[in-house]
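Protein sequence lines, in the order shown, are assigned to chains Y and Z. Under our numbering, the first residue of the first sequence is numbered -12, with each subsequent residue one higher. Under our numbering, the first residue of the second sequence is numbered 5, with each subsequent residue one higher.
To be clear, the hints were calculated from the coordinates, so they are not data collected in a lab. Don't take every hint at face value.
What the hints assert, rightly or not - Derived EDC-like pairs: lysine to aspartate or glutamate, alpha-carbon spacing no greater than 20 Å straight-line:
id : chain 1 : residue 1 : chain 2 : residue 2
1  : Y       : Lys104    : Y       : Glu84
2  : Z       : Lys135    : Z       : Asp149
3  : Y       : Lys33     : Z       : Glu200
4  : Y       : Lys33     : Z       : Asp78
5  : Z       : Lys142    : Z       : Glu103
6  : Z       : Lys159    : Z       : Asp130
Unchecked claim - Not everything, but these chain Z residues come out facing chain Y in the computed CB check (under 8 Å):
id : residue
7  : Glu158
8  : Tyr161
9  : Ile203
10 : Met204
11 : Leu206
12 : Gly208
13 : Ala209
14 : Thr210
15 : Val264
As the list claims (entries may be wrong) - Pulled from the structure, derived: some chain Z residues nowhere near chain Y, Cβ distances all over 10 Å:
id : residue
16 : Thr92
17 : Leu97
18 : Ala114
19 : Tyr213
Here a beta-carbon is modelled for each residue, glycine too, at the ideal position from N, C-alpha and C.
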Amino acid sequence: MIRITHATKVYPRTGTAVDDVSLHIGKGEFVFFTGPSGAGKTTLLKMVYMEERPTSGEVKVSGTSSITARDRDVAQLRRRLGIVFQDFRLLENRTAEQNIAFALEVTGTPANLVAPKVSRVLTQVGLAGKGTAFPRELSGGEQQRVAIARALVNDPFVLIADEPTGNLDDRATRGIFQLLRDINAGGTAVMMATHNLELIRRQEFRTIEMNRGAVVFDTAENGGAPAARAE
Amino acid sequence: MRSLRDALITFRRSPLLSALSVTTIAFSLFAFGLFGLVTLNIRVALERLEDRVEIRAFIAETASPESMGQAAGDISAYPEVSSARIVTQEQALGRAQKELGDFRDVFEGAVLPASIDVTLKSGFRDPATVKRVAGRIKAFSFVDDIRYGEEWIEKLYRLRNIAGVAGVVLGTAFASVSMIIIGATIRMAVLARAREIAIMRLVGATDAYIRRPFLIEGLTKGIMGGLLALLFTYVARSIIDRYLIETVFFDRKVALLGLVFGAMIGLVGSAVSVGRHLRRI
Ligand SMILES: Nc1ncnc2c1ncn2[C@@H]1O[C@H](COP(=O)(O)OP(=O)(O)OP(=O)(O)O)[C@@H](O)[C@H]1O
Ligand SMILES: [Mg+2]
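Chain Y extracted, bound-state conformation (with noise of 0.2 Å):
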């Protein structure tokens, strides 16, 4: 489903960001990132959505090659993930509401599909009563479920979140990644870039360790637990 095969970033600023990487991630698999601050975490994920391409190597998404794949066909691909970040990304001046319904709109969908498509989601977050509430009306757990909505209004296969809970106490981070693992007992794939090593800890997930840009320890792989956990 999402095959990289000998990925390398370099940028021109900074060096290479991620360094050779082959990974495999298969249809509704569970996958934790994670690694000391600059491992390539955002940069690897970046390349799995296209925002970034290889320097040399590939990503192949779903049928879709970052070598041979154009704007549209990137734009494409998008409509069929899911992609969340640390922080949020909504409008500000847009309904929880509006800014699933956004997401809709400017792909596309028919007007009439607009209202049951977001409705559903609110409901599977957990916030059907707060579809009228901006964005500042709501806490930053919240406003994660809003932007978790968005991202599954489009039916992804695939759910991309780097440091979901970067932003929220512990409360609310158990609260979204009972709801990741919701979302991926339902047969959606779940890339998430975390710090939260007791979060890790607790589960059973595939868990990939990056450090300065390149795997170092894969649970598929090795089995057992994560070795270099000294941060």
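Once you've looked at the hints, dock chain Z with the ligands against the given chain Y.
Quick look at chain Z with the ligands alone, frame taken from chain Y:
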């Protein structure tokens, strides 16, 4: 529909810059239009005058009627020439007397030279061609003197060319300025919506979709500028028509071309700018 609404929103967001872009587009087209009108009207005037442009070759008294006939035949075979007519001494005198009317007595007993009067086909009546043909006629040995065109026709021609060049130069200058202003407006609009655009990209909106409202905005401004220019030009022409000289206006096709040109300025200006700034988001 949504795009049009977005375009109007940017009008509201930076009304001054928007008005400025529309006005400079209008000025650009007005410059084209005004000097275009001058050119057009001079051309119409020239066309009327040109009907009378002829080359008159005066013939030496010693020339035989046969060689004159021969020469007239040769000359009328030139590709530029529509007719070459022999005017005998008697005919020349009669014409002069008729033109002078009451003063015809002046010519009593006078001898006017015979001539070959040559008219040119339309399309060959510009100063350069007239001069060239006159040069060839002058080569006949029995042609004493040659007269053609008037100096002021040449001046009128020059005026027409100057008006044409001035229109193009001024119009192009204003067109460039308006594109720069449109570019700046679009830049502001793009930056103001950077967040929104980043999210659109993230959820899979195509570049064409993201660009559309900005292009429609440019197009709208261009068309508005074009309409304004048409109004300016029409008013200017009406004033000239009433107080100075009678003039002709563009036909509908040319007016429409002006609108299309305005729309192009707006569209290209915004397309260039939006392409440049979207890449940075
Ligand atoms: N847009 C960019 N331009 C240039 N260099 C970049 C860019 N993004 C990241 N880098 C560099 O690439 C390296 C990896 O960065 P990246 O953001 O992928 O790390 P990370 O693992 O996500 O770190 P963190 O845990 O702090 O989020 C860093 O050294 C960073 O300086
Ligand atoms: Mg990161």
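Hints the structure violates: just list their numbers, smallest first.
-> 4, 5, 7, 8, 15 and 19
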